[in-house]
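**Student:** Protein sequences, first through last, are from chains A and B. Start counting the first sequence at 1; every next residue gets the next number (the numbering used here). Start counting the second sequence at 1; every next residue gets the next number (the numbering used here).
Keep in mind that the hints were calculated from the coordinates and are not lab data. Where hints are given, some of them may not hold.
What the hints assert, rightly or not - List of simulated lysine to any residue pairs, SDA-like, C-alpha gap at most 25 angstroms: (1) 70/A / 69/B; (2) 56/A / 57/B; (3) 57/B / 26/A; (4) 57/B / 38/B; (5) 67/A / 45/B; (6) 11/B / 2/A; (7) 42/A / 10/B; (8) 11/B / 96/B; (9) 93/A / 60/B; (10) 70/A / 45/B; (11) 42/A / 63/B; (12) 42/A / 54/B; (13) 93/A / 40/B; (14) 11/B / 48/A; (15) 2/A / 39/B; (16) 57/B / 27/A; (17) 42/A / 10/A; (18) 2/A / 47/A; (19) 11/B / 41/B.
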Amino acid sequence: QKEVEQDPGPLSVPEGAIVSLNCTYSNSAFQYFMWYRQYSRKGPELLMYTYSSGNKEDGRFTAQVDKSSKYISLFIRDSQPSDSATYLCAIGKAAGNKLTFGGGTRVLVKP
Amino acid sequence: GAGVSQSPSNKVTEKGKDVELRCDPISGHTALYWYRQSLGQGLEFLIYFQGNSAPDKSGLPSDRFSAERTGGSVSTLTIQRTQQEDSAVYLCASSFDRGDNEQFFGPGTRLTVL
Numbered sequence: 001q002k003e004v005e006q007d008p009g010p011l012s013v014p015e016g017a018i019v020s021l022n023c024t025y026s027n028s029a030f031q032y033f034m035w036y037r038q039y040s041r042k043g044p045e046l047l048m049y050t051y052s053s054g055n056k057e058d059g060r061f062t063a064q065v066d067k068s069s070k071y072i073s074l075f076i077r078d079s080q081p082s083d084s085a086t087y088l089c090a091i092g093k094a095a096g097n098k099l100t101f102g103g104g105t106r107v108l109v110k111p
Numbered sequence: 001g002a003g004v005s006q007s008p009s010n011k012v013t014e015k016g017k018d019v020e021l022r023c024d025p026i027s028g029h030t031a032l033y034w035y036r037q038s039l040g041q042g043l044e045f046l047i048y049f050q051g052n053s054a055p056d057k058s059g060l061p062s063d064r065f066s067a068e069r070t071g072g073s074v075s076t077l078t079i080q081r082t083q084q085e086d087s088a089v090y091l092c093a094s095s096f097d098r099g100d101n102e103q104f105f106g107p108g109t110r111l112t113v114l
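Looking at chain B on its own, in the form it has when it is part of the complex (with noise of 0.2 angstroms):
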């Protein structure tokens, strides 16, 4: 079946633009994680969506980033006046719920800030 798939695969910007990226979560999954990933600094998460529970907003870095997830199953990560220090990949991952703590991931959003 389709797995977890995010848009665009890469994104270039100008430092001080607001990027918008999007996550497609595995069909049925009820939990949605955002990780950033990038060099020296490893897999870090971000943001965990669960059902409708308030999410889990510890690991963003500052209030430029916020998340959304739409009824239920797409989310999308906005970075707001992007800085030199956020390129990063950012992955997201689906799970079926609560009670599983097996996360699928998608393949990236590779953003560049110039």
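Extracted from the complex, chain A is given alone in its bound form (with noise of 0.2 angstroms):
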């Protein structure tokens, strides 16, 4: 079992719907959850970053961790074509340390 599961998609969803995404993990030691933005053959771009359960909101996109589940969320509302891209959950144990990353999931946004 992967330390940190993530539906690959590809999720197709129509302009200014939401994108719901996911990440599930396995060890509670995990405390710094990101989520990254990855667009074809570029770098991935950090979006969101928390440390603590609850709801960050940065304009359109919404992250929410929920420690006793293990169960993080990232929700982009009004969605456009240019959130066409792959998302990538990233956890760390501690900071300053190495993050495991979920496998990505592929988002397409249709005009």
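Bring the two chains, given one by one in their own frames, into a single complex with the hints.
**Tutor:** Shown next, in the form of structure tokens:
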């Protein structure tokens, strides 16, 4: 069993819809939670970073962490075709330490 | 400001040759990470440098892989006697210090071993 599980998709949604992404993890030692966006042939771009249970909002993006269930989510409101990319969850056990990544979910927002 | 830069962007080599990949972290970032991204394996940690501390090499897949970080800045990842299974995108990331887990990635080096 992988430490971090993420549905590979693809997830196809119409423009303007809410995109819902999630990851589950197995080790309660994980304390830091991140979401990255990766366009084809580009490096991952940090979208959201949190280290506590609850919600964190930034513009159209909301990250949600439930440590008791070992479940993290990312919601994208008012999705745009430019949001079409692969979204990676990344989890760390301690500050300044290596990240463990989910396999990524490919998202396609259709105009 | 300038982000993490990597060179070359693409590298094609023959099986058995050695390759060197370079990473320039964001200025002022003391932590530097190498990851590998390949089909079917996702993004895997390779090695981590933090200041003058001994690097965490726990992710290096074999002794053919090594990395250096000179002067606390630029890093070079070396793969000796390359194999076809080494073909992947090699990504470098940096972060500000030990108390910060926000890692910023470079564009990667796409390595193809023929």
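**Student:** All hints, please: hold or fail.
**Tutor:** Hints versus structure:
no. : hint        : verdict
1   : 70/A / 69/B : violated (35 angstroms)
2   : 56/A / 57/B : violated (33 angstroms)
3   : 57/B / 26/A : holds (23 angstroms)
4   : 57/B / 38/B : holds (19 angstroms)
5   : 67/A / 45/B : holds (23 angstroms)
6   : 11/B / 2/A  : violated (30 angstroms)
7   : 42/A / 10/B : holds (12 angstroms)
8   : 11/B / 96/B : violated (29 angstroms)
9   : 93/A / 60/B : holds (19 angstroms)
10  : 70/A / 45/B : holds (21 angstroms)
11  : 42/A / 63/B : violated (28 angstroms)
12  : 42/A / 54/B : violated (30 angstroms)
13  : 93/A / 40/B : holds (24 angstroms)
14  : 11/B / 48/A : violated (31 angstroms)
15  : 2/A / 39/B  : holds (16 angstroms)
16  : 57/B / 27/A : holds (21 angstroms)
17  : 42/A / 10/A : holds (18 angstroms)
18  : 2/A / 47/A  : holds (23 angstroms)
19  : 11/B / 41/B : holds (20 angstroms)
In this structure, the earlier hints numbered 1, 2, 6, 8, 11, 12 and 14 are contradicted, and the remaining ones agree with it.
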